[in-house]
Amino acid sequence: MALASRVSSYRVHGFEVMGSGVDVRRSSLRGMEKSVSLAVNGWSLERRMRALRLGVGGSGRGNRVVVAASPPTEDAAVMTEPLTKEDLVGYLASGCKPKEKWRIGTEHEKFGFEVGTLRPIKYEQIAELLNGLAERFDWDKIIENDYVIGLKQGKQSISLEPGGQFELSGAPLETLHQTCAEVNSHLYQVKAVAEDMGIGFLGIGFQPKWALKDIPIMPKGRYEIMRNYMPKVGSLGLDMMFRTCTVQVNLDFSSEADMIRKFRAGLALQPIATAIFANSPFTEGKPNGYLSMRSHIWTDTDNNRAGMLPFVFDDSFGFERYVDYALDVPMYFVYRNKKYIDCTGMSFRDFMAGKLAPVPGELPTLNDWENHLTTIFPEVRLKRYLEMRGADGGPWRRLCALPAFWVGLLYDEVSLQNILDLTADWTNEEREMLRRKVPVTGLKTPFRDGLLRHVAEDVLQFAKDGLERRGYKEAGFLKEVTSVVSTGVTPAENLLELYHGKWGQNVDPVFEELLY
1 MALASRVSSY RVHGFEVMGS GVDVRRSSLR GMEKSVSLAV NGWSLERRMR
51 ALRLGVGGSG RGNRVVVAAS PPTEDAAVMT EPLTKEDLVG YLASGCKPKE
101 KWRIGTEHEK FGFEVGTLRP IKYEQIAELL NGLAERFDWD KIIENDYVIG
151 LKQGKQSISL EPGGQFELSG APLETLHQTC AEVNSHLYQV KAVAEDMGIG
201 FLGIGFQPKW ALKDIPIMPK GRYEIMRNYM PKVGSLGLDM MFRTCTVQVN
251 LDFSSEADMI RKFRAGLALQ PIATAIFANS PFTEGKPNGY LSMRSHIWTD
301 TDNNRAGMLP FVFDDSFGFE RYVDYALDVP MYFVYRNKKY IDCTGMSFRD
351 FMAGKLAPVP GELPTLNDWE NHLTTIFPEV RLKRYLEMRG ADGGPWRRLC
401 ALPAFWVGLL YDEVSLQNIL DLTADWTNEE REMLRRKVPV TGLKTPFRDG
451 LLRHVAEDVL QFAKDGLERR GYKEAGFLKE VTSVVSTGVT PAENLLELYH
501 GKWGQNVDPV FEELLY
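Okay, so the sequence shown: first residue is 1 according to UniProt numbering, each after it adds one.
Heads up, a few of these hints could be off.
In silico DSS-like cross-links for lysine-lysine, where the CA-CA straight-line distance does not exceed 25 Å [said to hold, decoys possible]:
#	residue 1	residue 2
1	Lys122	Lys339
2	Lys502	Lys209
3	Lys101	Lys473
4	Lys141	Lys209
5	Lys122	Lys286
6	Lys122	Lys191
7	Lys286	Lys141
8	Lys141	Lys191
If you are wondering where the hints come from, they were derived from the structure by calculation, not from laboratory data.
This structure is a prediction, so every number in the text was calculated from the model and none was measured.
I would like the entire structure built from these sequences, with the hints used as guidance.
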């Protein structure tokens, strides 16, 4: 029997698909079961999928299919038995899918500003913009405590970061042509509404002009908890929340072994992606000493939940090891009765034992686990897919180039093996050195007997070759970064040259230079 169940929000392939009254049918879960081909420690398929089904609860609430949500469903199922670590491992393993079902998901953030004053737009302006998009282009609104905080349309969603950064979470798509068309359609729609309001959008990695005190705060419950917690665990967490923008791509894997290979390749090369897309050299109107200030900020945001994850390169690494890591990352919150409950610094292990002090006796659902996974911020993040998280936000052509870079490397077996061979003898110390130095020196960072640019030239060729072998004529999307690699001059260095020359040491022209 296909049971229609109504939930307020859920995530498909990691892209937010939210709003009250979304129908989720059990048949879709059966389809997911069929696509899971990985055996983890000899588990049966039924046991592996038990992790997905455990979120379906009764307790007088009707049979609800609870699919991982962000933000959480308003009425999460009550657990009748504790989650086990095997359930959490099985949840990650359920992301495995055959190559023909691999998809590409791109997410990007951008800064809204008043064209007349260059000031960041306030929530009231953002709400008007969201309402305008909903009315003109048929998006569904996402509401929290009577505030419109996002939109959804099919498998795309628009959401707000803490300081009002405007994010598109794209649908899972088959080709880069579709991905770039999606970005272009989104930017057209946003521009059509925003221009009438005197609003523009800036494609850059860090707010170039305004101080933290000038940035508006969005009315989202989870952000209030994070805002209070961040200063306790690092000096730059509030800057991360309110003054950064990124572009990332989310990619699939076929098996635990395939996940491991892609995870290692992604982590090793993340500093190269950071360098190629470095685009955040200004803070409060002046050069800040970095090419990617956004990337540097992550080195002192919260090192319990960020970084290069050296354990991924251990022989013992797999889904279970990542679960162990995630269980040791302190929690931020749980969501109950339409409210975020502050659980900062507390243990998900204690939650699994019913010993979480703010909700004593309650047990987590897989919804809670998925929400916890979204509060972990390494350079590559594992959910039921892998997220490449190292790039600065930028203008629209680079929004298409970033997924092209990673698809060419990770979705082609020859290129992936070439990357693994290239990076096989890199040490944890070398990877960490690149992580620390690239935000300052970009592609000119010394590495072994040369510069990082020389490695990037080989890597970019592997990406182009991988795209050619895919057969979709996608290699042209890398043209935007070809000159960056061949010259070793990053986008940030081009901006600095303009600042010291044509712009007369005034940062304001960047709002026109990088206007969407």
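Cross-check of the supplied hints:
| no. | hint | verdict |
| --- | --- | --- |
| 1 | Lys122 <-> Lys339 | 24 Å, holds |
| 2 | Lys502 <-> Lys209 | 18 Å, holds |
| 3 | Lys101 <-> Lys473 | 19 Å, holds |
| 4 | Lys141 <-> Lys209 | 31 Å, violated |
| 5 | Lys122 <-> Lys286 | 24 Å, holds |
| 6 | Lys122 <-> Lys191 | 17 Å, holds |
| 7 | Lys286 <-> Lys141 | 38 Å, violated |
| 8 | Lys141 <-> Lys191 | 19 Å, holds |
When the structure is compared with the earlier hints, violations turn up for hints 4, 7 and for no others.
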